[in-house]
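J.: Using the sequences and the hints given, assemble the complete structure.
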Amino acid sequence: MRLPKREFLRSQPKEPAMSSEEMSDTLLISAIAGKAVWAMDVLYQRYHRMLYAFVYRIVADHQVTEDLMQEAFFSVWQKAASYSPSHGEVRSWLISIFHHRAIDYLRGLQRRSAFQQTPLEQIDLTENAFSSDVWNETWRSVQRDLIREALMTLPREQRMVIELAYFQGWTHSEIAEGSRLPLGTVKARMRLGLLHLKRYLEKKDIRTSE
Amino acid sequence: MDCQQFEELAGAYVLGATSELERHAAQAHLTTCVSCQHTVRDLQTVTDLLPLAVPAVEPSPDLKKRIMVIVETDAHEQTARRAAQRLQQPRWWHYTQTRIAVACLLLLLILAGSLTAWNVGLQQELRGISAGQYFHYKIQSTTPNLTISGEALYLPQFHTTILTIQGLPFLPGTEVYQGWLIKNNHPASMGLLNTQDGTGTLDFPGDIRTFDAIAVSREPGPQASQGSPHGQIIALGTLQNKQGQREIESQLTMLIERRVEE
Numbered sequence: 001m002r003l004p005k006r007e008f009l010r011s012q013p014k015e016p017a018m019s020s021e022e023m024s025d026t027l028l029i030s031a032i033a034g035k036a037v038w039a040m041d042v043l044y045q046r047y048h049r050m051l052y053a054f055v056y057r058i059v060a061d062h063q064v065t066e067d068l069m070q071e072a073f074f075s076v077w078q079k080a081a082s083y084s085p086s087h088g089e090v091r092s093w094l095i096s097i098f099h100h101r102a103i104d105y106l107r108g109l110q111r112r113s114a115f116q117q118t119p120l121e122q123i124d125l126t127e128n129a130f131s132s133d134v135w136n137e138t139w140r141s142v143q144r145d146l147i148r149e150a151l152m153t154l155p156r157e158q159r160m161v162i163e164l165a166y167f168q169g170w171t172h173s174e175i176a177e178g179s180r181l182p183l184g185t186v187k188a189r190m191r192l193g194l195l196h197l198k199r200y201l202e203k204k205d206i207r208t209s210e
Numbered sequence: 001m002d003c004q005q006f007e008e009l010a011g012a013y014v015l016g017a018t019s020e021l022e023r024h025a026a027q028a029h030l031t032t033c034v035s036c037q038h039t040v041r042d043l044q045t046v047t048d049l050l051p052l053a054v055p056a057v058e059p060s061p062d063l064k065k066r067i068m069v070i071v072e073t074d075a076h077e078q079t080a081r082r083a084a085q086r087l088q089q090p091r092w093w094h095y096t097q098t099r100i101a102v103a104c105l106l107l108l109l110i111l112a113g114s115l116t117a118w119n120v121g122l123q124q125e126l127r128g129i130s131a132g133q134y135f136h137y138k139i140q141s142t143t144p145n146l147t148i149s150g151e152a153l154y155l156p157q158f159h160t161t162i163l164t165i166q167g168l169p170f171l172p173g174t175e176v177y178q179g180w181l182i183k184n185n186h187p188a189s190m191g192l193l194n195t196q197d198g199t200g201t202l203d204f205p206g207d208i209r210t211f212d213a214i215a216v217s218r219e220p221g222p223q224a225s226q227g228s229p230h231g232q233i234i235a236l237g238t239l240q241n242k243q244g245q246r247e248i249e250s251q252l253t254m255l256i257e258r259r260v261e262e
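Which chain is which? The protein sequence lines are Y and X, in order. Residue numbers 1 to 210, in the working numbering, belong to the letters of the first sequence in order. Residue numbers 1 to 262, in the working numbering, belong to the letters of the second sequence in order.
Because the hints were derived from the structure by calculation, they are not lab data. Warning: the hint list may mix true and false statements.
[Claimed, not checked] Subject to a maximum C-alpha distance of 25 Å in a straight line, what follows is the list of computed DSS-like cross-link-like pairs (lysine-lysine):
1) LYS79(Y) - LYS64(X)
2) LYS65(X) - LYS79(Y)
3) LYS138(X) - LYS183(X)
From a predicted model like this one, the values you see are computed outputs, not experimental measurements.
T.: Shown next, in the form of structure tokens:
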């Protein structure tokens with residue numbers, strides 16, 4: 001048997017106690033993997049507003065949004081042990097879970113017969129924009145304005161393919177067929193649009209890297 | 001799929017706009033291509049910001065209650081299942097009917113007790129979260145060729161320790177992973193880890209702060225080893241401050257050397 005290294009034993013200082021609100025997302029997910037109910041409560045408080053607004057933007061129905069939120073949070077509770085930091089940040093993992101739930105719902109409906117729903121530039125930002133947490137909502141509002149501003153700098157055709165794919169669940173083939181564009185053009189617009197966004201946000205000092 | 005094909009598909013891939021077939025092909029390519037993994041990470045960080053662009057919508061206050069009730073019910077059911085498993089011994093089928101009846105009765109009592117405790121516990125948990133504190137200890141692999149890591153969280157408000165270890169190799173046959181607490185060179189079993197997809201978790205009802213170290217060993221199984229570890233100690237973390245570490249280091253080394261001699 002290999003003995004533990006002395007250096008390893010010296011590198012284990014006892015960490016001070018801290019409040020659950022200060023816990024990192026990764027620690028919270030570890031606690032949830034250990035079936036700690038309180039950790040789910042903290043995670044919900046931390047992310048529910050952003051995730052609710054996101055899912056509602058996709059499905060445009062409060063009852064459906066609530067059902068999907070319930071399913072997705074329970075999925076987080078059940079699958080927390082499968083999360084690995086090497087796969088990315090917890091926020092990214094959560095967004096992926098909720099996005100898939102919402103898009104699967106839309107695709108299941110098969111009701112996307114036209115490029116429906118309100119495009120980003122036509123959304124009334126004051127609609128239902130109430131939050132009990134004034135500071136968090138103010139900060140979110142600043143971030144939202146900056147990201148919307150970045151989206152508005154995209155050429156319209158690039159913004160449209162990103163909108164249709166990400167918020168309305170269209171595949172590249174469906175977009176190509178619906179807009180009568182070559183598939184390669186649609187794929188290129190998606191890639192170039194995202195790269196344009198990345199460059200713009202980096203210029204504005206919005207963190208886009210992990 | 002090669003790098004050029006992936007590059008063309010990368011935008012659609014991170015937006016979730018590919019076919020199932022393309023997604024699988026892309027994922028297969030990503031497992032072998034570091035350069036394309038980097039491309040995905042770059043684009044993914046942009047798509048992760050898109051949810052922030054949508055208007056704020058406040059969910060119903062009842063939503064949290066609905067979600068937490070489901071989570072708490074599931075947590076309670078899992079606790080009950082674990083309690084039931086503990087009652088089942090390997091020679092279960094050889095037990096007399098009387099013993100089976102006693103075990104069932106115990107299970108029912110545990111379930112009834114847990115239900116009561118659960119109701120009280122829910123209120124305590126909700127109250128405790130805002131003022132909740134915890135103690136965090138890192139745990140690392142004892143063998144350099146294994147990427148095992150983890151942590152132990154002691155939650156004073158619940159008098160519970162949660163041990164989580166990641167990167168555990170798959171175990172053949174009846175082998176199991178077992179947690180240990182060590183004090184003055186004497187190990188005490190914490191129980192077996194529940195493992196799934198390389199991640200092991202253990203919910204230990206107690207305070208670990210009075211111990212010197214926490215360890216995870218690989219045991220022959222299927223039952224927990226009694227007394228001291230019978231197999232290799234694969235991960236370890238100290239639970240004391242720096243002043244006490246030198247002494248603990250010496251004690252742990254002696255413990256492991258004694259295991260080697262046995």
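J.: Work down the list of hints and note, for each, if the structure agrees.
T.: Hints, one by one, checked against the model:
1. Taking the CA atoms of LYS79(Y) and LYS64(X), the gap is near 19 Å; set against the 25 Å cutoff, the hint holds.
2. At most 25 Å may separate the alpha-carbon atoms for a hinted pair to count; LYS65(X) and LYS79(Y) meet this at roughly 20 Å.
3. For a cut-off of 25 Å, the pair hint linking LYS138(X) to LYS183(X) stands: about 17 Å separates their Cα positions.
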